[in-house]
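Chemist: Please model the complete structure; the sequences and the hints are all you need to start from.
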Amino acid sequence: MSASILDNQANPAKPCQTRVVFQSIKLDHFRLISNVAMIRLVWIFCTLLFSIQAKSADRVDYERQVKPIFRQRCNACHGGLKQKAKLRLDTAKTILSGGDGGPAIVPGHADESLMMERLLETDKALRMPPEGSPLTPEQIQTLKTWINQGAESPKTEAPETDPLKHWAFQLPVRAQLPSVTATSSSQHPIDRLIDAQLATKGLARQPRAEPQVLIRRLYLDLTGLPPTRQELQAYLKNPSDQAYEQIVDQLLASPRHGERWARHWMDVWRYSDWYGRRSVPDVLNSYGQIWRWRDWIIQSLNQDRGYDTMVKAMLAADEISPEKREEQVATGFLVRNFYRWNYSLWLKDNVEHTGKAFLAMTFNCAHCHDHKYDPIKNDDYFAFRAVFEPMEIRHDRMPGEPDPGPYPTYDYGKAYKPITSGLVRVFDKNLDAKTFAYSKGESRNIIEGRPPIAPGFPDFLGGKPFSVKPVKLPREVGFPGIQAFIRLEEIQSREKALAEAENHWNATRLEAENLQKTSKSPPSPLITLRLKQDEAAKAAALADLASIHARIDADEAKQKFAGPEAQARALLAAQAEKWLAVQNSGLALVRSELVHHQASLKSAAEAAKAAPKLATAQKAYDLACADLKKIDSKQPAYSPLSPTYPDSSTGRRAALAGWIASPTNPLTARVAVNHIWRWHFGTPLVASTSDFGRNGSRPTNPELLDWLAQELMHPSGAGTQPWSMKALHRLIVTSETYCIKSEPDSPTAPGLKLDPGNKLYWHFPRNRMEAEVVRDSLLHVSGMLDTTSGGPDIDLAQGLVSHRRSLYFTHHGESRMPFLEIFDAPDACDAYKRTTSVVPQQALAMVNNEFLLGLSQNLAEKLWAETSAKPVEDFLKASFETILTRPPKAAELKLAQDFLAHQARVIESESSASSAAPRPAHQSEALARRDLIHALFSHNDFLTIH
Amino acid sequence: MAHQSRRPAGIGPPCGRIARRTFLSDVGLGFTGLALGSMLHRDGIVRANDSEVWSPPTGQPHFQPKTKSIIWIFLSGGVSQLETWDPKPALNKHAGKSYEATGLPNPFKSPLFAERSRDVVGGARLHAKIFPLQVGFKKYGRCGVEISDWWPNLATCVDDIAFVRSMYSTDNDHNAEFQMHHGRHKLDEKQPVIGSWIHYALGTLNENLPQFIFLGKYTDPRVKENFAADYLGPQYGGVEIGLDPKNPLPFGNRAKGVAARQQENEFKFIHQMNTISSVEYPDDDQLRARIKSYELAYKMQGSIPEVVDITGETPETQSLYGIDNEQTATYGRRLLAARRLAERGVRFSLVYLSDYGEWDSHVELQKRHSQCCSRVDKPIAGLLKDLKRRGLSDDVTVVCCTEFGRTPGLEIRDNVALTATGRDHHPHAFTIWMAGAGIKPGVVHGATDELGFHAIEHPHYVTDIHATVLNLLGLDPKRLDIPGRKRLEIDYGSPIHQIMA
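Quick mapping for you: the protein sequence lines, in order, are chains A and B.
Numbering-wise, the numbering used here puts 157 at position 157 of the first sequence, and it's gapless, one number per residue.
Numbering-wise, the numbering used here puts 1229 at position 229 of the second sequence, and it's gapless, one number per residue.
Any given hint might turn out to be false.
FRET-style restraints, in silico, Cβ to Cβ [what the hints assert, rightly or not]:
{"#": "1", "chain 1": "A", "residue 1": "D874", "chain 2": "B", "residue 2": "R1254", "range": "26 to 36 angstroms"}
{"#": "2", "chain 1": "B", "residue 1": "F1063", "chain 2": "A", "residue 2": "K82", "range": "36 to 46 angstroms"}
{"#": "3", "chain 1": "A", "residue 1": "T787", "chain 2": "B", "residue 2": "I1276", "range": "32 to 42 angstroms"}
{"#": "4", "chain 1": "A", "residue 1": "D874", "chain 2": "B", "residue 2": "A1255", "range": "21 to 31 angstroms"}
{"#": "5", "chain 1": "A", "residue 1": "A415", "chain 2": "B", "residue 2": "A1255", "range": "38 to 48 angstroms"}
{"#": "6", "chain 1": "A", "residue 1": "D282", "chain 2": "B", "residue 2": "E1316", "range": "40 to 50 angstroms"}
{"#": "7", "chain 1": "A", "residue 1": "E565", "chain 2": "B", "residue 2": "G1357", "range": "20 to 30 angstroms"}
{"#": "8", "chain 1": "A", "residue 1": "Y412", "chain 2": "B", "residue 2": "E1100", "range": "22 to 32 angstroms"}
{"#": "9", "chain 1": "B", "residue 1": "G1357", "chain 2": "A", "residue 2": "P452", "range": "35 to 45 angstroms"}
{"#": "10", "chain 1": "B", "residue 1": "G1357", "chain 2": "A", "residue 2": "Q250", "range": "45 to 55 angstroms"}
{"#": "11", "chain 1": "B", "residue 1": "R1254", "chain 2": "A", "residue 2": "T787", "range": "29 to 39 angstroms"}
Here chain B is said to cover these stretches of chain A; the calculated rule only asks that three of the stretch's residues, wherever they fall, bring their Cβ under 8 angstroms from a Cβ of chain B [what the hints assert, rightly or not]:
{"#": "12", "stretch": "742-756"}
{"#": "13", "stretch": "815-829"}
{"#": "14", "stretch": "844-858"}
Note that these hints are calculated values from the structure, not bench results.
Glycine residues also receive a C-beta, built at the ideal position from the N, C-alpha and C atoms.
Modeler: In structure tokens form, the structure reads like this:
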């Protein structure tokens, strides 16, 4: 193992659009100085410092000062990736030998050097670099000085490597595991790979963590919830490897596991509820009912469906398993990027995030030009986009739910409420959709004369040959209205309505007959009208039932027969619908008559008021009757039970899915295991989790990354399914590497010097709970967590009211729950990596939080009830074990006892000072216990996963 | 010690780790070396591939600053440049004519039109006929700057203001509002907003208060994009505070029934327990930061209510801001609070001086704009006068801006039955102004064409305002770059030196 891994070296210049990572304590506050004098002083000092630096730069250092300039500004075109004008600037040797225009520099003579001429050129068309601002005067000066000083460079200088040979573009290889005896005492493959690397640095891993630390880590990792006190005690009684493994299995089988890990994947797959203009409401981004995709993720993880299967379904469930209705919601991955105002943006986001999420490739960088670091051409970008070009959104009906209606096409100026039933998915609508290249990232700038670009993927990622096979879709996909459940539900609802109408009519008739019996006079106009109304309602319900049967017949005939038969059925259906319209308007007319009559009973003026409505109803009825005769018998128009969609799909996305979720794709498995690893350990093996390209980071332990990738795809355990994530979780958490202490065992631990960033995992990387884990754990520890799973997103305002898990609350590109946001819940649009901050707002959110105070009270009462017959130490011990998953230390016990006593006195004296009736002592003591529980939630050991 | 600087580079333990001894001595000793927000920004490792070793900002300006604090007033919806600060009598002359019929070059055919507009929303938007000015203009002050009659109070301040009449943006819809704050078009990747960059770059002037504050009310959650730190991390986002001293910030008050002493005791207990932990985990930098964060939280909770409590201000001062008048009271309070925040060292206050979209006058422009003006004229003028008389205009810079201007032509929408009495969105020209510390008083910079359609003389994209503000604070935006986050030339902007003193 070379030292280069620690240095994390290589790779040129500025990366493009990846999450920033850095680790530091930032001292960004300096006490303010009311007068400006201090600032002036600092300024003078800085100026001095700069001038000193300038002087010390007398001798220009090629490696340190010159090379970075080329790397940053020149090598994308004159280096390993491209050699424009046959010129390479990645080594001093090739700078000297030059390109088409001859040597780029003349050592000792900057003024005669072609390179300087091009850099200083005032004509923008000729100036280098052609894009962005010119080099700064300081950079120019550096180059000039270097040349004038003789253009010295180290004797051995390696050129940039061939981009195609970049590590991530080669298939992962399962390395021979290092021998056990040489470096590692563990048989576990992960330990052997980790230990081997540690050994090269003269490091050894830390000893195993204490059982209570380990068990808490494990529970929080696999389920997002700490162990209960009982679970802790059970493990402490028997902290054997066997017991540990049993717990692992039990946690992986828990429904809570899928919820925890769904939240992880939802970051990378950019889960978002609909947004845009929520206050209107108007759906612009993502879509209503997308929560079904969230639930699909949870269920899929709980069922341990293969990662490959999940990826395929998210990209192309409609082409791969079109017959499975529930599976279609997986395409929420694509729906999530939907942007109603601009379809081009939808496609753009799908290219970018499919690339980043599954391949950790920044295809988006090739939107306007060839990629600056990776061998992705501008045309490759459009070929990727072409895969999505035919797409559109549609709503599908779900059994037992109202029809969400057809998807409304966009009309400028209209607002679109979210659908609240059914499912949302994508499908290929425009089967011959063409993709045209445009310039400058602006979709209106279509480049004229360029033929359309066919779907495809770059060769260097095994994207060729790219074969697209159109998919024939089942009948019920092209025409969902023929599904039995829809017909049945439609018929049943009408039968029910008819029965109700009949009952109603019968009741009115009975009432009229009884009236008739007791009265000699003829029936009143009121009862006559009411009878007439109920009869009309019955007739309308009957017509409705008849029309649904006729429509179903017509739908069926259209599927089965062509020509006259289908036409005849359609005519019948059209007639039935018109007849229904007549009946409905007839009913409306009788109702108006009734209203008018009732008004006339009050006064002539009231009657006059009701008259226009009656007239309108009469007109509508006449129109409906007239309309009955206006049926085009040649092309009868009736309402089918659903819209009709294409009966085939292009197969483009299925081809994409097949290429991505394949063992022959060098990136997919590596990207997945890198995510999985970082969610277990807090730090990834490849720091740039969404960029494995040449501008990304190198893996800190490439052998381990590759071994894990191979293990995911081709598990070595007998009976383990390929791509099983649960198997990988099990493997990771049963490694010794996972079980070690987080705190170095000695202040002189060599790792503190040799690997302070812990890149080699010599100790477990300690971290704070993620936002959702904080909230869920507060609820769980208090015994108040509502474990109901799934369903529509819960309003954010319920965040500190509802006891459901955090991932079920509305989370979208414009809002997240404030409490979670304070604890760094990420933006739904940018969560490839999360950050962890420690800010005072978090302290306030814990301390001044009535919800948490309520939970504390609940827990305090519960624990007191369990322990009150015993000394107060037992209550304190129970509190520590419940909240911090460990017993209190002696000093803590003493402190807590003092606090309880003191707090009770404070509460008592405050209450006697503020109210007429002082609180009885037992109340003050109970409040003190609540405050103790509440304070323990602010203990570092609660928020921290050691 | 007058100020607390960072550890000089190269001295002490790497990666910001604190030496064990220092650590233990810090704990429990109050504010020694560590500071708020510092707190931690931890999520992995620096991409060590960069050409130069990256280090976070030092908290000190890059060069001599000219101001300490910014009060950034935003008027949402699109203020018509034509009825406020950029008079165009030609509109009256050509009223009712088509652009062609004016005899002037057709602004739609100017290359500037295509260059500066990028539609997000489709649909043809017609404003073919010139709409005359809806208000009169006069010259004011010694400088003789012309502004509209709807600003009787601001008119008395023009000698202190620098107007920039040549602003443009590129989005013809309201996402331009967010663009004004982070500099990126809706269709491009977002960036941190100007307030967050400042918070990120500069040390605090008062560690009991957040450095970047949002003052305003909104129902549309998109407004949050105006104070979102994006990739800088949530600790650099604007903190929303309310003007009710009883409830000024989220989780800012003790829960009901919790007495002050009771809470103080609990804070103390938390501190003691975490201090015990710090002995067990001396290498836990987050723990260290957490102990500090609780101390700061306690102080912040105590100091914010005082800041927003304006009852201590004299009736005269309150009246200066229009707080004694129902029509201007809400916005007056916001600006008075902004002054109090600036006085106490808050670096950047974003004062949202309207409802979301309040100025958006597709119809009835005359009625709407005159009302909008009357709600903010007195408060804004009051702020400028108050800063000046307190000598704060040497420390505080005021920016007043909007997302875009409005069309010289009358807006006609064919699909909606509107009475045509307004102007449509117009990103091609609008006016902003600045006043106070570091600003040249009584100047007009840049110009639009005769119809107020295109910014032609010294045109400025929105990030030039950011660059100007950063420059006044002694910051060079290029030196704030973070490895792994690509910023474009246009993100940095260029300071408008012509309006700087």
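Chemist: Look at each hint and say if it fits the structure.
Modeler: Hint by hint, here is what the structure shows:
1. A:D874 to B:R1254: 26 to 36 angstroms: holds (30 angstroms)
2. B:F1063 to A:K82: 36 to 46 angstroms: Holds - the Cβ-Cβ distance for B:F1063 and A:K82, about 38 angstroms, lies within 36 to 46 angstroms.
3. A:T787 to B:I1276: 32 to 42 angstroms: Given about 34 angstroms between the Cβ atoms, the range holds.
4. A:D874 to B:A1255: 21 to 31 angstroms: holds (28 angstroms)
5. A:A415 to B:A1255: 38 to 48 angstroms: With Cβ atoms ~39 angstroms apart, the hint holds.
6. A:D282 to B:E1316: 40 to 50 angstroms: holds (46 angstroms)
7. A:E565 to B:G1357: 20 to 30 angstroms: This hint is violated: roughly 57 angstroms between Cβ atoms.
8. A:Y412 to B:E1100: 22 to 32 angstroms: holds (26 angstroms)
9. B:G1357 to A:P452: 35 to 45 angstroms: Once the Cβ atoms are compared, 40 angstroms apart, the range 35 to 45 angstroms for A:P452 and B:G1357 holds.
10. B:G1357 to A:Q250: 45 to 55 angstroms: holds (54 angstroms)
11. B:R1254 to A:T787: 29 to 39 angstroms: holds (32 angstroms)
12. 742-756: The restraint on the stretch 742-756 of chain A holds, since 5 of its residues have a Cβ under 8 angstroms from chain B and three suffice.
13. 815-829: holds (count 7)
14. 844-858: Since three or more residues must qualify, the claim that chain B covers the stretch 844-858 of chain A holds, with 7 doing so at under 8 angstroms.
Going through the hint list in order, the structure does not satisfy hint 7, though it satisfies all others.
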